[in-house]
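Engineer: This is what each chain is made of:
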Amino acid sequence: MSDTAAAASPKRHRTITIDDNAGPPRATARVCEAASCVSGNASDITARLAELTEGKDDILIKRVGCLGLCAAGPLIEIAQTGELFEHISPDDVGPVVTALEEVKPDAERQPQGPFFEKQVRVATENFGLIDPESLDDYLSVGGYQALRRVLSEMASAEVREEISQSGLRGRGGAGYPTGLKWTTVAKATGDKKYVICNADEGDPGAFMDRSVLESDPFRVLEGMAIAAFAVHATEGYIYCRAEYPLAVKRLRTAIRLAQRAGYLGDNIMDTSFSFNIQIRLGAGAFVCGEETALIASVEGRRGTPRPRPPYPAVAGLWGSPTLINNVESLASVPAIIREGPEKYAEIGVGKSKGTKVFALAGRVVNTGMVEVPMGMTLREIIFDIGGGIIDDRPFKAVQTGGPSGGCIPAEHLDTPVSYETLIELGSFMGSGGMIVMDDTSCMVDVARYFQDFCREESCGKCTPCRVGTTQMYMLLDQITKGEATEDDLAQLERLAGIVQRMSLCGLGQGAPNPIFSTLRYFRDEYMAHIVDKTCPAGVCQIEQPAEVVA
Amino acid sequence: MPIPYTKPAPPSDDKRWKIVATRMRRLGDRPEALIEALHAAQEAFGYLDSDALEFVGDTLGVPHSRVFGVATFYSFFMLKPQGDHTCVVCTGTACYINGADDIIEAFDARLGVKPKGTTEDGKISLLTARCIGACSLAPAVIVDGEMQGKAVTDELMAVLETM
Chain A
1 MSDTAAAASP KRHRTITIDD NAGPPRATAR VCEAASCVSG NASDITARLA
51 ELTEGKDDIL IKRVGCLGLC AAGPLIEIAQ TGELFEHISP DDVGPVVTAL
101 EEVKPDAERQ PQGPFFEKQV RVATENFGLI DPESLDDYLS VGGYQALRRV
151 LSEMASAEVR EEISQSGLRG RGGAGYPTGL KWTTVAKATG DKKYVICNAD
201 EGDPGAFMDR SVLESDPFRV LEGMAIAAFA VHATEGYIYC RAEYPLAVKR
251 LRTAIRLAQR AGYLGDNIMD TSFSFNIQIR LGAGAFVCGE ETALIASVEG
301 RRGTPRPRPP YPAVAGLWGS PTLINNVESL ASVPAIIREG PEKYAEIGVG
351 KSKGTKVFAL AGRVVNTGMV EVPMGMTLRE IIFDIGGGII DDRPFKAVQT
401 GGPSGGCIPA EHLDTPVSYE TLIELGSFMG SGGMIVMDDT SCMVDVARYF
451 QDFCREESCG KCTPCRVGTT QMYMLLDQIT KGEATEDDLA QLERLAGIVQ
501 RMSLCGLGQG APNPIFSTLR YFRDEYMAHI VDKTCPAGVC QIEQPAEVVA
Chain B
551 MPIPYTKPAP PSDDKRWKIV ATRMRRLGDR PEALIEALHA AQEAFGYLDS
601 DALEFVGDTL GVPHSRVFGV ATFYSFFMLK PQGDHTCVVC TGTACYINGA
651 DDIIEAFDAR LGVKPKGTTE DGKISLLTAR CIGACSLAPA VIVDGEMQGK
701 AVTDELMAVL ETM
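Chains as they are written, first to last, in the numbering used here: chain A, 1 to 550; chain B, 551 to 713.
Be aware that a few hints might be false.
To be verified - Derived list of chain A stretches under chain B, where covered just means 3 residues or more per stretch with a C-beta under 8 Å from a C-beta of chain B:
hint	region
1	198-206
2	358-368
3	433-447
These are computed hints drawn from the structure, not numbers from a lab.
These numbers come from a predicted model, not from an experiment.
C-beta atoms are modelled at their ideal positions from N, C-alpha and C, and glycine is treated no differently.
If we strip away everything but chain B, and leave its shape as in the complex, we get (with noise of 0.2 Å):
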């Protein structure tokens, strides 16, 4: 016998459970919404935790279990929560090549966090990115959503231990 289908009501009465919600309800609350559910909770929350998940999944009809097998395929999605000020150095072929080795190895000597860590303070947050097509300013660092080109490790360290 098949479940009736309800939808479920939101995790808590956080606001912005609300525009994930509508942004699922734009696109008809099916199943193929599942990526661009989880980028909406990802832009509201920053990451998606487990409550997320379940919400997403139990809107769209989608088994909890894929839902976290998406979420966790695809390296855009973060599981667990950032720091406050979040840098993505470009690990493209441009910026390899230029330097952006030295870069991460700088962020471990003098701020103790590597690829994927953050922070003890939970100050800054690391991330590579596999390219962000910015290869003509390599090598490039995004801190904060803001294209840093041409990055020089010193400068942009003295900048984040100020942070």
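The shape of chain A in the complex, shown without the other chains (with noise of 0.2 Å):
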């Protein structure tokens, strides 16, 4: 990230603000700056840009959050056409000023394709127009109108109110109704309460925290302030982990340009309502992101779970009530209070409303970010938004939930996703990383995969999780070195079910459903791996000269 070559022209600084007199202006390149981009040197395609059109006043070059389709980064979107350019690089931005140059004032967006237009975006809903950095930004586009509405209109308890009847459910995996947990932290007595936001994003394969955080750092903050609000809390905590440091340096812009503003601190926006943010980094422990184990991060402690109840809700940080609510919940929370929860509740499938960001990742050829409402099928994400496998190879499974997951295949392809299905196709909904795979992955070795993460992970507290998981993963090694026979599964599978039964918390109680799952769908590449020693997608390296499956 070169900060110099980004610091070099002060017309990427330039934002549009409300009471902006000059008027739009006719083009406006918005260069994708999320991580991803960033790491191909979208801050230098920015500088470079915004040089080679200095003096053009009707031109704007704009730093925004990210676009969402990350396979094509660096990525730059001109923002009256709608027209994309891929792959760029800070030597090869002339395409662009050139279309730049081109747009006419009465240019309309035509269509970007079906990755674009079949989301919904409502958590997500900034991302890609504003710069991540400016207050202004996010003012523009009506940020901080929900808590305006909060606090010159409602009481708490109707706060509290709208949540529930929006339906939301906590995007952190769980789907545990948000209005049922604030009500709960709101009704528990305590002089102190606390609003922490989950950032500890750990599951492998997801990324829509990180890109929630890097995008819309003041909706974040918005929906903490409306929750303190709603629960009587005067004091937060954003728990973030330390593998992303462009998140973290994004939300200290932010907190610093909230308070100066009035939005955050002592009496935001003129009013008795106070509330505070810190953060707290991560140290790379995945358990972290239960719940008790996070609090105990946050007390500068070892992150181990312990049993609940009692819930964090009614003694958590320090003892005090707190709400535990992931990035993607409170992103949410804006939206809801401003457009009303009856417009959020109209979307989505059931009991499983609004929207789902996802992060598609894998074999799949767009990946990148998604919000698509509840309901959609798998085969629409991927195969419509996410544009299908890589050369064009055959589906074989996608993985959601994380380690907790399982691996879903094609026969399942046209399930509408939602909390409810996703369990019982024996996967989870989880943050909402979706890992699609094609044939050349083992379905063992992908088990073998998650129980070595588990194994690692695992903070060692309870005796099922510690042992269990290193004990299953040993057993699934077994089996794709090709050593395992048909009493070693059955032991893998009745191990599996006390793990799931005895542990603590989520990790090990998860632990064993990426093993659950393929053994539920896959059970014959197990077989093949334990009866006829070969792998049938040639991953593991099983010694046996006769059976080489290329």
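Mind docking these for me? Both chains are given alone in their own frames, and the hints should help you get the complex.
Structural biologist: As structure tokens, this is what we get:
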């Protein structure tokens, strides 16, 4: 990230403010500066474009948050026409400048294809529109209207009621009704209450929270402030992974700007409501996504979970009632309050209302960040939005829910996505990672991979998880090496059941899920390893000269 | 009888201790600042030696045993000095199915370094991360803080070998 080049031009900082007299620019280039594109030198691209358009007042070069289509990054969009420039390098911005000069004043946005058209954006509505480090930009798209409405017109009970009506459920994965959680915290007795934003997005293959924090950090702060008002909290923490330096940097900037403008701190918007937010960095422990472990970590201790109840809503941080919500849940709150809960509840299916942000990754063409209404089928997400499988290889499975989730095979592609349907399929919503696998992935190897993950991330507090995950890993390792028998498989299944039932927290309880789901849909692959001593996908190295599958 | 608390002096007159001490003071020198303080020390010195752990513990009033417990619990904290250049190979699911294992093997084969190790000449340290959230760029490697998406093993190794 070359700050020197990026700082070279003052123009990149020009943003449209509400009272901008100059009027809207004729042509605007939106340069994606989220982590994926930044790693492709997006900051240099912004600086280079600004340099080349110096002096042309009708052209605006704007740094924006994630445009979503990470596969095509570094990505630039021309706002007026919707034209996209993919895989741009700082030395090759000529075509973009030409296109900017050719934009006509009456230009209309052209359709950008199914990746963009099929999405429904609520939590990510400002992605690719605003400069994530500009409060003015956030205000220009309706930012802080929700908080203003809450503070000027609503009682805290009304806020909780609206969130309940919207049907919003925890977007961290478990799907606990957000309104109910808020009510529990509000009704709990305690002098001091806390709001914690869980930004410890540890699921491998999930990067929605990172994108939200990098692209629209003010939104999370606004959501937290609304939550704090609703549950009578005065202090907030954002527990963010240290692995997300750009997200942390933008959050720090956002907190500073919001404090200075009176949207955070004492007497917010000149009311009696005060709320402060601090950032706490994680330090690479997956288990800290579990709420009691997260609290231990915020308190500066080893992140080990404790038995619940008491739930954090009653006795959380330093024994006080604490509301813990995921980034995406909080990011949905301002839109719900601003647009009304009915509008949000209209989207979705059954008990799963609203939209869900997914991170598409793996062997899919359009990897990136997408937000879709609940109830869209997996096929639409992977093949219409995702553009299908790389090199047109056959689809094998999609993994959702991270290490606590499962693999869903092709025959269930037409299932509408919701909390309930995914559980029926033996998987889990999780935080929203969707990893697409083709025939080059061995499902036994995938199960082994997740077990390796759980075994290393187990905090060691309870025996079923500490010992069980290691034993399951060893059994799976034997299977992938072709050294296992059918008795070993039976032992694995028995053990998985024990770990699932006996573990203290979600990490251990969910750890057997990848095994259960791969056994449910891909038992033949297990048998091929055990009986025939072959790996159908050719991933596992089984020492047997006769049967090498390419 | 309670032992009176005196703030310890920094282990040496290295100016970087001031950064660590300031960070702790801002958080009230209270025990809950432990993880933040360790982050500050690691940022300043690159790793945590026993001097750092003791200084942080004594300032915050946390027993050394607990400081060590926390520093070893979290995989982000390093208790050994790192090489001149640090490479972090992401082993998240998307990177895994796109060949992160091959990259790690190449580190071993071509540079003779395994995860959590440093090359003999002290130039390159290899770490793995559970997921750096760059799944759309899989396989991803971070070299000295700069992310390299869609890492091609041969190119990466060629760059590292000249470092």
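Engineer: Among the hints numbered above, which are violated by the structure, and what are their numbers in rising order?
Structural biologist: none
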